[in-house]
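There are 2 protein chains.
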Amino acid sequence: MLKFNEQKQIESVNGALALRNQINELIDGICKEGYKNICWLGIGGTYASCLQAEVHMKEKSELSFFVENAAEYLTTGNKKVGEGTIVIISSVTGTTSEIVDGVKKAQKSGARVIGFIDVATAELAKLVDYVITYPANEQLKFYMVADRFMYNAGEFPEYEDLYKELDQYLATALVEVEKEADAFGEEFANRHKDDKIHYFVGAGNQYGATYSYAMCYWEEQHWIRTKSIHSAEFFHGTLEVIDKDTPVTVFIGEDSQRSLSERVANFLPRICGKYNIIDTKKFELKGISPEYRGYISHLVMHAVTQRIDAHMEKVNCHPMEIRRYYRRLDY
Amino acid sequence: MLKFNEQKQIESVNGALALRNQINELIDGICKEGYKNICWLGIGGTYASCLQAEVHMKEKSELSFFVENAAEYLTTGNKKVGEGTIVIISSVTGTTSEIVDGVKKAQKSGARVIGFIDVATAELAKLVDYVITYPANEQLKFYMVADRFMYNAGEFPEYEDLYKELDQYLATALVEVEKEADAFGEEFANRHKDDKIHYFVGAGNQYGATYSYAMCYWEEQHWIRTKSIHSAEFFHGTLEVIDKDTPVTVFIGEDSQRSLSERVANFLPRICGKYNIIDTKKFELKGISPEYRGYISHLVMHAVTQRIDAHMEKVNCHPMEIRRYYRRLDY
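Line by line, the protein sequences are chains L and E. Residue 191 in UniProt numbering sits at position 191 of the first sequence, and the numbers go up by one each step. Residue 237 in UniProt numbering sits at position 237 of the second sequence, and the numbers go up by one each step.
Derived by calculation from the structure, the hints in this document are not laboratory data. One should not assume that every hint holds.
No copy labels: a pair is met if it fits in one copy or bridges any two.
[Unchecked claim] The calculated lysine-lysine pairs, modelled on DSS-like cross-linking and capped at a C-alpha distance of 30 Å, are:
1. Lys105 <-> Lys193
2. Lys281 <-> Lys105
3. Lys60 <-> Lys282
4. Lys104 <-> Lys286
5. Lys79 <-> Lys281
6. Lys244 <-> Lys196
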């Protein structure tokens, strides 16, 4: 299999899950001290991960939490951010200017910042109030934080049970998804490599997945045009430009908004001959209880899209690491 | 001028502004009684208007307010909505199912609902706790509510001064924008009528404007493909698919996020030969003080896009009232 190192991927996920002691010590301390609210701060791909954490918490939590786009925070501000605010960020390089400046602004207003920084030596790693350095697995890191906050508030009684399963089964379940999805990924890449535009539709934690997959992968890394649209919003305009030859892919997960995407999936065959449905429900996810599958639907989808990417890169002869403009021009 | 009735438009805006006594009586009563939080509930175009009210309030307010997409609320729910919540909705027909069901659900949880319903006889008009019936001008209605809440909280000291200007000058200023923008609108429509895809970029209250203009007008009513993207997010992926022949339009307003869109406008000429900048700053807006122009930037932009629409409809021989699927198929 292309770009696939089973052992390395299992270790990557298990290593991320092993951050939980460190995360819990931190969050438990914050909860003991008291805090006012939780701000998920991101931009681009990390903004999408924030949206996923938000919809996950919204389903269960009465805590005060919200998502803030770093660039909007720097200009419009957000009066909710201040003394008692816990800001959570994630950064691979630690150099994204909007995030660095956003962290400084939040701290100046009295907030404390938890930073997941992949590179321990980054300036940002020194800047944040609490740093956890470990590569990749951003979504898992965010969910571990969200779940601990909710657990401490008595809103997540399944916490121990869930993480016992994830610790034991998640990493293997995800590589099994990749193996199972590989042939589909290859076929998908071949079928869609020349798309003039591709629509990605999703809801719940799959909305962030469609947003970042469309923008951060197809646009940024494959240079293929896309539009991502929330499954509910699809019916309020976008549907009108879909016809038999329009490529559309619906990401269906297993969280509370599953029905919104099923509605799109049920509708599409009537008007479109080039649609794909990727439903996380089709994957076994050995060891994961039915009631927890929704919590990891976005990770399952990511495992599927990784297979598309591996093949798309090859069939399009377009290395994913090259950029036309991003970090190559000053703007 | 095509589809332009100056007197009717002036009366429409002034009639909306005249709702202010009714709105204030309502909001003042709610503030006196006390409330917990404010929920802007929408879907599709009304969701975009909610986003505009949110960014407007975010700049100034420490009140507890948030936007909720009606379909997401119906599935995921939102624990913040309950006793003491004031939900605000707007509906032209009063029959959008997500809104009708969302209102019922919010009320069941203890929230009270303010409904701006264009049609007084709609079921929804009877369902909501407080109804105000008047056609069109949704954004203005929302801002009047937001501003009164903020004024009552001591966060909007310019309230009286602002509305004195709006009452006197807004309606005329907007029709003057239409007249000034008409030639541009015609030229724009001719230049972009055959676009395979068109990118709309904006920030602040222009983000909601790009979102709804792209989706509810070009996709739904002109059947032209679009992608709307926030000016800040543009630099985190979408920029890579822009080349010399890609049609891109930047909506620049005059609120707190103006600089985010100026950044896009400054960058585009280096990589793109088919961009448009629509900057509200270019319009006189007679009688409106500089410090208030940002509050109405989205209304100014709407006046401009109305001119594009009038001409696009004509040059594309595509009546804006026809739909392929929306409310024509069951789904």
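- Item | Hint numbers contradicted by this structure | Failing hints, ascending: 1, 4.
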